[in-house]
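S.K.: Take a look at the letters that make up each chain.
4 protein chains.
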Amino acid sequence: MNANHLPLFEDVDVIQVGARNMQNFELLKELGKTKKTILLKRGLANTFKELLMSAEYIMSEGNENVILCERGIRTFETYTRNTLDLSAVCALHELTHLPVVVDPSHATGRADYVKPMAMAATACGADGIMIEVHNNPAKALCDGAQSVTPDQFDDIMSRIKTIREVI
Amino acid sequence: MNANHLPLFEDVDVIQVGARNMQNFELLKELGKTKKTILLKRGLANTFKELLMSAEYIMSEGNENVILCERGIRTFETYTRNTLDLSAVCALHELTHLPVVVDPSHATGRADYVKPMAMAATACGADGIMIEVHNNPAKALCDGAQSVTPDQFDDIMSRIKTIREVI
Amino acid sequence: MNANHLPLFEDVDVIQVGARNMQNFELLKELGKTKKTILLKRGLANTFKELLMSAEYIMSEGNENVILCERGIRTFETYTRNTLDLSAVCALHELTHLPVVVDPSHATGRADYVKPMAMAATACGADGIMIEVHNNPAKALCDGAQSVTPDQFDDIMSRIKTIREVI
Amino acid sequence: MNANHLPLFEDVDVIQVGARNMQNFELLKELGKTKKTILLKRGLANTFKELLMSAEYIMSEGNENVILCERGIRTFETYTRNTLDLSAVCALHELTHLPVVVDPSHATGRADYVKPMAMAATACGADGIMIEVHNNPAKALCDGAQSVTPDQFDDIMSRIKTIREVI
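Quick mapping for you: the protein sequence lines, in order, are chains B, S, R and X.
Under our numbering, think of the first position of the first sequence as 1, with each following residue one higher.
Under our numbering, think of the first position of the second sequence as 1, with each following residue one higher.
Under our numbering, think of the first position of the third sequence as 1, with each following residue one higher.
Under our numbering, think of the first position of the fourth sequence as 1, with each following residue one higher.
Note that these hints are calculated values from the structure, not bench results.
A couple of the hints might just be wrong.
Note: identical chains are not told apart, hence a pair may lie in one copy or across any two.
[Stated by the list, open to error] Simulated crosslink set (DSBU-like; lysine-lysine; CA at most 35 angstroms straight-line):
id, residue 1, residue 2
1, Lys139, Lys36
2, Lys49, Lys161
3, Lys49, Lys29
4, Lys139, Lys161
5, Lys161, Lys35
6, Lys29, Lys139
7, Lys49, Lys139
Model, not experiment: these values are computed from the prediction.
The following block holds chain B by itself, in its conformation from the complex (with noise of 0.2 angstroms):
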């Protein structure tokens, strides 16, 4: 993605950044050019504080509409694709006002543990989860070792919302 393909984003509602365009500043700043919600994602080794600082290339430009996202840090443990790293859920809610949405899809890569992660991270006070879903992961074009089918996903929710009555 880059600024160019702006206008294909008319009719959506959030645009994400994914990890890799973290600190691809030349579009932080178009996109702070929208009214677009911006849905951004720590990259593989950005601290949080650079991540606030890329919110900053946003909102320096006039939008304010930010979501942070943590998706898991790359680390020496490779039995998970990725590390999560739900402590940033903490540092995130006392380092700035912005919501804080947690990825478990892609932080572990696995659909097995998407739930149980899903779970702690809305029980740390996550202000929002993001789970990959397909119909027929096995068929999935791509990400589908970590995605869940329709019904896990129902399941997920069920249990989510049981942890959010309560804390």
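For chain B, the structure is supplied; the task is to place chains S, R and X on it using the hints.
M.R.: Relative to the frame of chain B, chains S, R and X by itself:
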């Protein structure tokens, strides 16, 4: 700590192997000859599989009373003391039958993050939580910044209980 | 930098893709349509193989004039700005025919480490060295701490030449 | 290895503390009471300063014969066994008077990278190089993949000597 200190622990219930001793194989083998429950903490740069191999050093000597503990790994992010890797709970439960405990105090290094991270650990299925408590954290000889007061501990416990009831 | 800036580079010989743009695939594809030599820097958390895949984005569009650049990766060690990974020279020479350049200035972030690291890079077979030079580092608008003076640069060059002659 | 094994080392000149024992403080203190030269290897996830603090554990007991050894750190890059951090040579020479040795065999895990990395280590001022040699690496009981033959070792030594003469 080394194996010569073991007699000092005669009347304790659980012996903790700290993160820096996770691959002190001589010590692990000695602990395997006791009947004490061993709380084995994950090293700062050790994978899930290495943690299990360290547990094997203990169990292969005859002591199967091993509890695994996720206490944060070392990454590029230094805002928190370490990065708490809650996917460890899922992965270790998948790879072994051993109980998995989470230590949010050492992982985050910050008293105000202990509560949300303890709740998250509970929500994703941790078998136990290990929390640093001090009646006057400001005067603690060490680890004061990550210690909660007894009142805060009560509050955390009541939140954890509520979450355990619904999951 | 984004693809729209390309006309500004009409009369330069080499276009550098910075570490944060290594996976800006839209930009890479546009650069592949030019005939300029592209200096492609390794991202802060990108593997050797990912660096090569980014080079593929450029070359698959027809531009095979790609130089790879090791400029340090992000690790837990913060005494140096990044960790210069000189094994990259060996690995990339093994995996590809593309030339490999080393940037000790950005990697270490310290002017006094540039000379020994430039000598080391030469000794292990780097095809080029990229060094930040400033006639008055103390007054540099950016990156002064890692900039050497012209006199220091002369000294480094003479050392590098000597090493190249013997290897 | 633990402190009880020390009598076995009566007639050796140098005792090596492996990377996994770098923060085995009980062992370090016992070694400090001997007069042996101690080769202290940097832990896989330990900073320069932590390495120096471990050296202090030895020296504060009266034994100042400590050699520091850079042997690679654990990062996200798994193409090499570890990431050899040659800036350690510069940093440790700046921070201490202790000699600094480099182990390219364990760091890279590959016999064909040992020669260029040994040359690089020499060029940036390492006080010594530690190389794994085996007369038949294919039959080595361990670490064969990173072992060079005596002939290869001779070749490496002659290259190192040439570089030392010119720097």
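S.K.: It remains to establish, for every hint, whether it holds in the given structure.
M.R.: A quick look at each hint next to the structure:
1. Lys139 to Lys36: For Lys139 and Lys36, only the intra-copy Cα distance (32 angstroms) is at most 35 angstroms; the inter-copy one is 41 angstroms.
2. Lys49 to Lys161: both (30 angstroms within a copy, 34 angstroms between copies)
3. Lys49 to Lys29: So Lys49 and Lys29 pass the 35 angstroms test inside a copy (18 angstroms) and across (30 angstroms) alike.
4. Lys139 to Lys161: Within. Shortest intra-copy distance 29 angstroms satisfies the 35 angstroms Cα cut-off; inter-copy 40 angstroms does not.
5. Lys161 to Lys35: within (30 angstroms within a copy, 43 angstroms between copies)
6. Lys29 to Lys139: between (37 angstroms within a copy, 29 angstroms between copies)
7. Lys49 to Lys139: between (38 angstroms within a copy, 27 angstroms between copies)
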